[in-house]
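S.K.: Please build the complex by placing chain B on the supplied structure of chain A, with the hints as guidance.
Protein chains: 2
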Amino acid sequence: MKTLVLLSGGMDSVTALYHTHRSESNDAVVGLSFDYGSKHNAREIPYAAEHCRKLGIEHRVVKLDVMSQWFQSNLLKSGGEIPEGHYQESSMKQTVVPFRNGIMLSIAAGMAESMELEGIVIAAHSGDHAIYPDCREPFMQAMGEAIREGTYARLEILAPFLSMTKKEILQEGLKLGVDYSLTWSCYKGQLIQCGKCGTCVERREAFQLAGVEDPTVYEETPDLPNAPK
Amino acid sequence: MKTLVLLSGGMDSVTALYHTHRSESNDAVVGLSFDYGSKHNAREIPYAAEHCRKLGIEHRVVKLDVMSQWFQSNLLKSGGEIPEGHYQESSMKQTVVPFRNGIMLSIAAGMAESMELEGIVIAAHSGDHAIYPDCREPFMQAMGEAIREGTYARLEILAPFLSMTKKEILQEGLKLGVDYSLTWSCYKGQLIQCGKCGTCVERREAFQLAGVEDPTVYEETPDLPNAPK
Numbered sequence: 000m001k002t003l004v005l006l007s008g009g010m011d012s013v014t015a016l017y018h019t020h021r022s023e024s025n026d027a028v029v030g031l032s033f034d035y036g037s038k039h040n041a042r043e044i045p046y047a048a049e050h051c052r053k054l055g056i057e058h059r060v061v062k063l064d065v066m067s068q069w070f071q072s073n074l075l076k077s078g079g080e081i082p083e084g085h086y087q088e089s090s091m092k093q094t095v096v097p098f099r100n101g102i103m104l105s106i107a108a109g110m111a112e113s114m115e116l117e118g119i120v121i122a123a124h125s126g127d128h129a130i131y132p133d134c135r136e137p138f139m140q141a142m143g144e145a146i147r148e149g150t151y152a153r154l155e156i157l158a159p160f161l162s163m164t165k166k167e168i169l170q171e172g173l174k175l176g177v178d179y180s181l182t183w184s185c186y187k188g189q190l191i192q193c194g195k196c197g198t199c200v201e202r203r204e205a206f207q208l209a210g211v212e213d214p215t216v217y218e219e220t221p222d223l224p225n226a227p228k
Numbered sequence: 000m001k002t003l004v005l006l007s008g009g010m011d012s013v014t015a016l017y018h019t020h021r022s023e024s025n026d027a028v029v030g031l032s033f034d035y036g037s038k039h040n041a042r043e044i045p046y047a048a049e050h051c052r053k054l055g056i057e058h059r060v061v062k063l064d065v066m067s068q069w070f071q072s073n074l075l076k077s078g079g080e081i082p083e084g085h086y087q088e089s090s091m092k093q094t095v096v097p098f099r100n101g102i103m104l105s106i107a108a109g110m111a112e113s114m115e116l117e118g119i120v121i122a123a124h125s126g127d128h129a130i131y132p133d134c135r136e137p138f139m140q141a142m143g144e145a146i147r148e149g150t151y152a153r154l155e156i157l158a159p160f161l162s163m164t165k166k167e168i169l170q171e172g173l174k175l176g177v178d179y180s181l182t183w184s185c186y187k188g189q190l191i192q193c194g195k196c197g198t199c200v201e202r203r204e205a206f207q208l209a210g211v212e213d214p215t216v217y218e219e220t221p222d223l224p225n226a227p228k
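Protein chains in written order, with numbering that gives the first Met the number 0: chain A, 0 to 228; chain B, 0 to 228.
Because identical chains share one entry, a pair is satisfied inside a single copy or across any pair of copies.
Taking lysine-lysine and the DSS-like style, the derived pairs with C-alpha atoms no more than 27 Å apart in a straight line are:
#	residue 1	residue 2
1	K1	K92
2	K76	K92
3	K62	K76
4	K166	K92
No lab work stands behind these hints, which were simulated from the structure alone.
For reference, chain A alone in the conformation it holds in the complex (with noise of 0.2 Å):
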């Protein structure tokens, strides 16, 4: 199946971009990135054309005004400040960006349909589902069918990781040759990672977990919280 992938530049969606490329049944024809006005995009971006680069998949930004201007979200450059702590805890609910994957899935598809493609990989996982509506299973389910129903090509979803955790998934990347060092996930968009925002104690949870070392340079390593109960 020829598929565009979605790509922000964070571990997820770059193991996802190398999971499709070295695939048998799935080819990634391009990596699809977006510059929404999240405070990490000019951080992130950049890593997602590296891999795109490296692997000779066609890479295009789509940047879009329209969150900046108008949506409710921390995670915006327009928005508050990052919260510190884990991933999951519900005051992350603060770096939701209102249906984002709803968004950034339906302009996926209306591109691949453009360019005859057969399929749209997103990499929403397990450790997703605490805090954001549009990464769970119920919505990926009634996304999919809206996708195949609202286009010509009954273009399909592939979301590979939606059972896995972030552990699993690095593991997986790690047997792919996927350079990590080269991903992105600190939602504050310094120069250097912070390591305490939820998303950089997701990260360095997942190589803790796996036994693996981090090649991540963080601002401050201090012991990760645990996660709500």
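M.R.: What follows is chain B alone, placed relative to chain A:
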């Protein structure tokens, strides 16, 4: 229910704006237009703004460059010529913008969630079903489910005209006092509506079927072609 109304500035969506505004159970809080690079955006959006101003409703315009840049459609300034003939002819497929309704509904969902609204109104109708997969009931059902599942507020899609014909929408709008001379249909985007492209034909046919005088100024008004069998 507090709603956002998708508002192109054409007959159907302007009627939907009045229908929602005058409804006892719903309220139109914002009218949302998309400047997505079509040939006729520059003609229709001023009418969208005008009706919002008349009714005291906030009007927003989202600019999207992605379609002009990468989508295939003759509706776009980047595409080829607009075909003439009946709206439901297969040649009109050249004017389909892939997954446009999915994209507009998704962005509307994120914006509505940020504004703490409860619903999104879309004016898709039965005449659209022939060529637009993203106007049909199975798409609307699935997209509605995706938006409910993917938002904290469990936002609803309202499609009050989904099983109505354009003639019936026109009759509804006339009861509501819509001035159709202040709406734009023509896909060509000239200074005067052409009278011959698919959507001009559909517009003229609706007035003819309703037995109502058409206040629109057209460049030409040749006999209307028959609907395909």
